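Novice: For reference, the chains in residue letters:
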Amino acid sequence: MIRGLGRRVISGVSRLGHATFFLARLMPALGAALTRMRLIVQQLYMTGVLTLVIVVVSGAFVGMILALQGYNTLVRYDAQSSLGLLVALSLTRELGPVLTALLFAGRAGSALTAEIGLMKATEQLAGMEMMAVDPLSRVVAPRFWAGWAAVPLLAMIFSAVGVIGAYIVAVGDLGLDGGVFWSQMQSGVSVSNDIMGGLVKSVVFGFVVSWIAVFEGYDAKPTSEGVSRATTRTVVSSSLAILGLDFIMTAFMLRGL
Amino acid sequence: MDRPTSTEPLVAVRDLAFYRDDRPIFEGLNLTVAKGSVTAIMGGSGSGKTTLLSLIGGRLLPIRGTVTVAGEVVGALSRKALFALRRRMGMLFQSSALLTDLDVYENVAFPMREHTRLPETLIHDLVLMKLEMVGLRGARALFPAELSGGMSRRVALARAIALDPMMVMYDEPFTGLDPISMGVIVKLIRELNDALGMTSIIVTHDVAEACTIADYIYLLGNGRVIAEGTPADMKKTDAPEVRQFMGGLPDGPVAFHYPASRYLDDLLMANQS
Amino acid sequence: MQAKSMEFTVGLFVVAGLLALAMLALKVGNIHALNLGGTYAVTADFNDIGSLKTKAPVTVAGVRVGHVAHITVDPTTYQAVVTLDLLKKYRFPRDSSASIETAGLLGEQYVSLSPGGSRHYLKNGGKIRITQSAIILEKIISQLLYSKAGHSSGHS
Chain A
1 MIRGLGRRVI
11 SGVSRLGHAT
21 FFLARLMPAL
31 GAALTRMRLI
41 VQQLYMTGVL
51 TLVIVVVSGA
61 FVGMILALQG
71 YNTLVRYDAQ
81 SSLGLLVALS
91 LTRELGPVLT
101 ALLFAGRAGS
111 ALTAEIGLMK
121 ATEQLAGMEM
131 MAVDPLSRVV
141 APRFWAGWAA
151 VPLLAMIFSA
161 VGVIGAYIVA
171 VGDLGLDGGV
181 FWSQMQSGVS
191 VSNDIMGGLV
201 KSVVFGFVVS
211 WIAVFEGYDA
221 KPTSEGVSRA
231 TTRTVVSSSL
241 AILGLDFIMT
251 AFMLRGL
Chain L
1 MDRPTSTEPL
11 VAVRDLAFYR
21 DDRPIFEGLN
31 LTVAKGSVTA
41 IMGGSGSGKT
51 TLLSLIGGRL
61 LPIRGTVTVA
71 GEVVGALSRK
81 ALFALRRRMG
91 MLFQSSALLT
101 DLDVYENVAF
111 PMREHTRLPE
121 TLIHDLVLMK
131 LEMVGLRGAR
141 ALFPAELSGG
151 MSRRVALARA
161 IALDPMMVMY
171 DEPFTGLDPI
181 SMGVIVKLIR
191 ELNDALGMTS
201 IIVTHDVAEA
211 CTIADYIYLL
221 GNGRVIAEGT
231 PADMKKTDAP
241 EVRQFMGGLP
251 DGPVAFHYPA
261 SRYLDDLLMA
271 NQS
Chain C
1 MQAKSMEFTV
11 GLFVVAGLLA
21 LAMLALKVGN
31 IHALNLGGTY
41 AVTADFNDIG
51 SLKTKAPVTV
61 AGVRVGHVAH
71 ITVDPTTYQA
81 VVTLDLLKKY
91 RFPRDSSASI
101 ETAGLLGEQY
111 VSLSPGGSRH
121 YLKNGGKIRI
131 TQSAIILEKI
141 ISQLLYSKAG
151 HSSGHS
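Protein chains in written order, with my numbering: chain A, 1 to 257; chain L, 1 to 273; chain C, 1 to 156.
If you only want the chain C side, here are some residues facing chain A, beta carbon under 10 Å, derived:
#	residue
1	MET6
2	VAL14
3	ALA25
4	LEU26
5	GLY29
Computed spacing ranges between beta-carbons, pair by pair:
#	chain 1	residue 1	chain 2	residue 2	range
6	L	LEU142	A	SER11	42 to 48 Å
7	A	GLY31	C	THR76	56 to 62 Å
8	L	ARG88	A	LEU50	35 to 41 Å
9	A	VAL203	C	GLY11	19 to 25 Å
10	C	GLY62	A	LEU74	20 to 26 Å
11	L	TYR263	A	ILE10	40 to 46 Å
So these bits of chain C aren't anywhere near chain A, every CB distance computed over 10 Å:
#	residue
12	ASP74
13	THR77
14	TYR90
15	SER99
16	GLY125
17	ILE130
18	GLN132
19	SER147
20	ALA149
Hints in this document: simulated from the structure, not taken from any laboratory. In this text, all values refer to a predicted model and were calculated from it rather than measured experimentally. Cβ atoms here follow ideal geometry from the backbone N, Cα and C, with glycine treated the same way.
With the hints as extra help, turn the sequences into a complete structure.
Specialist: Below you can see the structure in the form of structure tokens.
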């Protein structure tokens, strides 16, 4: 069993090395892709706009649930005036970036992997190469940029919608005072620490999820089974990477580094 | 066949060796494709025909030996020079490899948009001209998923000649087509080759079609050329490998059986266990 | 999907994301806490800081003018050395005093400044000499109980 575990660790580490080499090869293509904004805009539509609905709906529900649960707990200590603060901190620091990245990995990351993997399986990438078009800069790089840019935007929307959802429940349903809700929030949420911290997290998540998604797609075995396995791997490794990185970054941020 | 073909070689393969996972695909392969000719490269499944096209296109690098295209050694080129060379080559994949998110028009326009700064009106005229050549001008708004196998191969052909290449490589262009579509493709390959002054390399195992349009045929086996000649020569030869392939005989020098232990031994083993 | 309308939708998406960020910064957070004008640091020694933490607010007359940057212990006096980052736009006389107070009965602790009358102002690296330590509720309660107990036993 230990041998099996060791083998897993070794194959995981070598896969990470493989992905790093891929990223290094992608670097020059990333610069080239920036000169063709139209392709990035097109991919921003596929990854960002089409993920928007699920992000808005989830954000609203998470905000409303936080308000109900938080109220239930805070009211025991007669501290329900801090509900806005509790919701806002939870959303901007943790839930916004993390849940958005998880949703993105499931909705857009898997689609990116499947699309690139299928293009490989149907020889579209090989065809481009033979037409003297570099698939890394034509296909992979715009998707990577778009994914990277979409996650922070989506995370901000998630948090904002969540706060509004919480406000609606807190003021409309639980009968809290709207002014107290906002003023407690404003005095407790720091822009430089909490909101920027959440933004930094989502930028990191966007980078990692997009990297995993395009790598798995480009590296997929060009068969239907290979593509389906790659898609699963994207969701699993992205989710693990998001949660692991979130722990590390939260630890650093709370220690004020 | 007395079509005018120059003897000047466009593609020369010299002493080529290529291995895939330690399994030799080619070992000392030599062949030449004359400029302006239609050359067929034939061989059984797994004889490395498609691999040869990848080597000519520079997608794979040989272990030993050289591939020379238009005077340039493919394996020794920088990425930039290789891409410049590829812009003068067209390739037709067996799967057509059309970009599924673009319609027929945009697929044919794709190489022009990527490699030229032509104005939109000129691209429009050029695309319609190429589509007219393959008879699919009316299908310009369809998407690859809406095309039949024969049609998508014709679109891929229009795309392959979009930049007026000096040569086109065809990977199994006849496979999986109904007789009519096959006839259309056979006719198109020959006509485009002669009308546009191109050179064509066809990888195939369809004996009849290859004999109809090829000027010269190479037969591959065991990693090297086992026979070559004009279609007439190939039909006349009495070399057993050639006769087996050209005649489609199930057994011969190329054995029907995959190498195995004695049949009787295998059966007895199964009974014992 | 037409190219133009797709571009428009993507544009809307980007605008929505930026608006969300703006809303978080302005409505949820307090953009003024970003200390746009820069800060200067002064220190104050306390005998007991109670449960004061870094990032706690520093206020004057209830208005936030800075925050607690670091808390350390002086190795010779064993007093708590609290570094305060104060907004540059506010200047305070050198004889101002600092006290640690609690927001409400059980709330967070913060530092409250009371300006003095000196004509010299605190500079970066300066020190507030007059301080009042945190009022520790448990100590007060235990003192109260002790004195009550002493009182009642004296009478009976």
